[in-house]
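First to last, the sequence lines map onto chains U and H.
This note's numbering runs 2 ahead of the 1-based position in the first sequence.
This note's numbering runs 127 ahead of the 1-based position in the second sequence.
Simulated from the structure, these hints should not be mistaken for lab results.
Just to be clear, a hint being listed does not mean it is correct.
[Claimed, not checked] Below, computed lysine to aspartate or glutamate pairings styled on DMTMM-like, alpha-carbon distance capped at 25 Å:
(1) U/Lys-62 / H/Asp-229
(2) U/Lys-54 / H/Asp-229
(3) H/Lys-136 / H/Glu-196
[Claimed, not checked] Residues from chain H shown here face chain U by an in silico Cβ test under 8 Å; the list is partial:
(4) Pro-135
(5) Phe-139
(6) Leu-170
(7) Leu-172
(8) Ser-194
(9) Gly-234
Cβ atoms here follow ideal geometry from the backbone N, Cα and C, with glycine treated the same way.
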Amino acid sequence: GDSVTQMEGPVTLSEEAFLTINCTYTATGYPSLFWYVQYPGEGLQLLLKATKADDKGSNKGFEATYRKETTSFHLEKGSVQVSDSAVYFCALRKAAGNKLTFGGGTRVLVKP
Amino acid sequence: DGGITQSPKYLFRKEGQNVTLSCEQNLNHDAMYWYRQDPGQGLRLIYYSQIVNDFQKGDIAEGYSVSREKKESFPLTVTSAQKNPTAFYLCASSQTGTSGTDTQYFGPGTRLTVL
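I would like the entire structure built from these sequences, with the hints used as guidance.
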């Protein structure tokens, strides 16, 4: 079946450091890929998405590129802030499906 | 403001009691979803509905029931048959239920604790 694998956290960084969160997936066909962010005690917010190979999603300084050859969708941000502390989820959705398949989430803690 | 509301934010129930979690959206979305989140884990799909009066089981439907009598509402009942109901429950909606590129928007969640 479909699956998403994320690097385990927590990831602890200093403010202004570079952030990378690895995400790889297993799925048949051509899924859409998503990054969601969850702040403490809240629901998930869509951070960015990409719907086909080589697409780059970007938002709030975060970027991720859909790499079909490596089945990856790594999240990056060049300079993190304390307010970026959250749990980040990578997810995929099949072309004709309803279900989002999530990775286990990666907790990021940014220290001042 | 358009969005998804879930109530209550925190819910406590005794073991063996059924409990219903509310989810309302004013986004005019056709599709709605219920997910369960356990500590340190990703989300798992419980039920989804593509259209009013229709719904399908997700990956972990046992011990749960839903209804979709109105487009804007998709309540989830956690029954006494659910063996481990303590979790964070998230409701989501999307414009349609049939396009893989549709974005799912999430509500703020309800944390259910069974004592």
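Does H/Lys-136 pair with H/Glu-196 here, judged by a C-alpha cut-off of 25 Å? 23 Å, holds
Keeping to a limit of 25 Å between CA atoms, is the pair of U/Lys-62 and H/Asp-229 held or broken? With Cα atoms ~20 Å apart, U/Lys-62 and H/Asp-229 stay inside 25 Å; holds.
Just to be careful: measuring from the Cβ of H/Gly-234 to every Cβ in chain U, is the smallest value less than 8 Å? 5 Å, holds
Next item in the hint list is H/Ser-194. Is there a CB on chain U closer than 8 Å to its CB? Status violated, d = 18 Å.
Does H/Phe-139 pass the interface hint, meaning its C-beta sits closer than 8 Å to a C-beta of chain U? Interface hint status for H/Phe-139: violated (16 Å vs cutoff 8 Å).
Under 8 Å, Cβ to Cβ, is where H/Pro-135 needs to be relative to chain U, so tell me if that hint holds or is violated. Violated, about 13 Å.
Holds or violated: is there a CB of chain U closer than 8 Å to the CB of H/Leu-170? 5 Å, holds
Given H/Leu-172 was flagged as interface, is its beta-carbon under 8 Å from a beta-carbon of chain U? Since the shortest Cβ distance to chain U is 5 Å, the answer is holds.
Hey, U/Lys-54 versus H/Asp-229, does the alpha-carbon distance stay inside 25 Å? 13 Å, holds
Violated hints, in rising order: 4, 5 and 8; the structure is consistent with all others.
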